[in-house]
Structures are given as structure tokens and as C-alpha cells.
Amino acid sequence: MPIKADTWIRAMARERRMIEPFAPRQISRLDDARVISYGTSSYGYDVRCSNHFKVFTNIHSAIVDPKAFDEDSFVAMDADVCIIPPNSFALASTVEYFRIPRSVLTICVGKSTYARCGIIVNVTPLEPEWEGHITLEFSNTTPLPAKIYANEGVAQLLFLESDDICETSYKDRNGKYQKQTGVMLPVT
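Under my numbering, the sequence shown is numbered contiguously, ending at residue 198.
Simulated from the structure, these hints should not be mistaken for lab results.
A quick note: this is a predicted structure, and the numbers were derived from the prediction, not measured.
Be careful, since some hints might not be right.
Taking lysine-lysine pairs in the DSSO-like style, the calculated list, with each CA pair at most 27 Å apart, reads [what the hints assert, rightly or not]:
| id | residue 1 | residue 2 |
| --- | --- | --- |
| 1 | K186 | K14 |
| 2 | K121 | K157 |
| 3 | K121 | K189 |
| 4 | K186 | K77 |
| 5 | K14 | K157 |
| 6 | K77 | K189 |
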């Protein structure tokens, strides 16, 4: 009989330290206040963003170039809430640190609570044996300022386990984002 997805996630977190810190159940209330849920869900794990944000700004009239990214295009801030300007974006990192097993591909997708407000989280794969804090990108597609809440659920991870291990993992390739901490800007 196949193992249940939420049981598999708990086992991987416990045995392989796949997710730290780890919430073994979905949390939607803290200190009698509602929060956007995070923790283990039916088939995935809802991650939180930290309170370290980089908000895109165009005060220097820079050109966005992934090969020569100008750090002055962002304003760094630490806050419990991040306000993203209209038609702009912000970066944040997850509270959780991940160690993806060699037989697993993980996909990070947005939560519907934010999507229904016009805030889109970029779909991001986490390759087998990738390790680190995820850098999340939030696009505000609305003509209004938008809020992101630190330490609350912002995205969901879906885990796809193969019967075989991959031939070459992210770790084997010495991937440029391996063991990243904090908000990581583009690297070429």
C-alpha cells in the first residue's frame, strides 16, 4: 500500500532534515490571530517568507539585466509586512531551509490566497539535492499597492518522488544557488 503524502513529508523532514524548521501540520492560527496557513498540507508543504525583503524600485532608471543585475534596483528592508508598489515585484527568502533528496523534484507554486489578490509567486523548481533557503519572487500585477506578510504562508511546495535517482543532481553540478541563505539576486 502506498504511503500517504503528508506522512511521507513528515518522515522526510524527521529522517533527512528535509525542512527546518518544520511544522508537521497546517497552522492557520497563532496566538488567537488568523494567519495565512503554513506547514504540512495534504500533498505538499506551505512555506513562509522571512521578514527580509528586497523591493524593486526604478529610482535609478536601471535596465533589468539578468547577466548584469544592478543591486541598486532594490530597496532592502526588514519588516513584518512588505508593501509592493503597483505593477512591481519584491524578493524574499523562506523561513525554512531545505535539503531536497536525490530522488525528489520539488515545485514551488503560489498560494491561492495571494493569487486571488493579484499577487503571483513565480513557479520555481527545486532540483534533486538542492539545498538552501528559497528566494521567492512576488509580482504585484495590480494597479494598487499589495501586502505580503512575513512569517505566514506564501507558497506551496509539491514533492515529486521518482522510483529512480537522477543521474546528475544539482549538488553534482555545483549549482550556483546551492546552500543559499537570505535573498539571493541573479547570478550568471
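Numbers of unmet hints, in rising order: Result: hints 1, 5 break, sorted rising.
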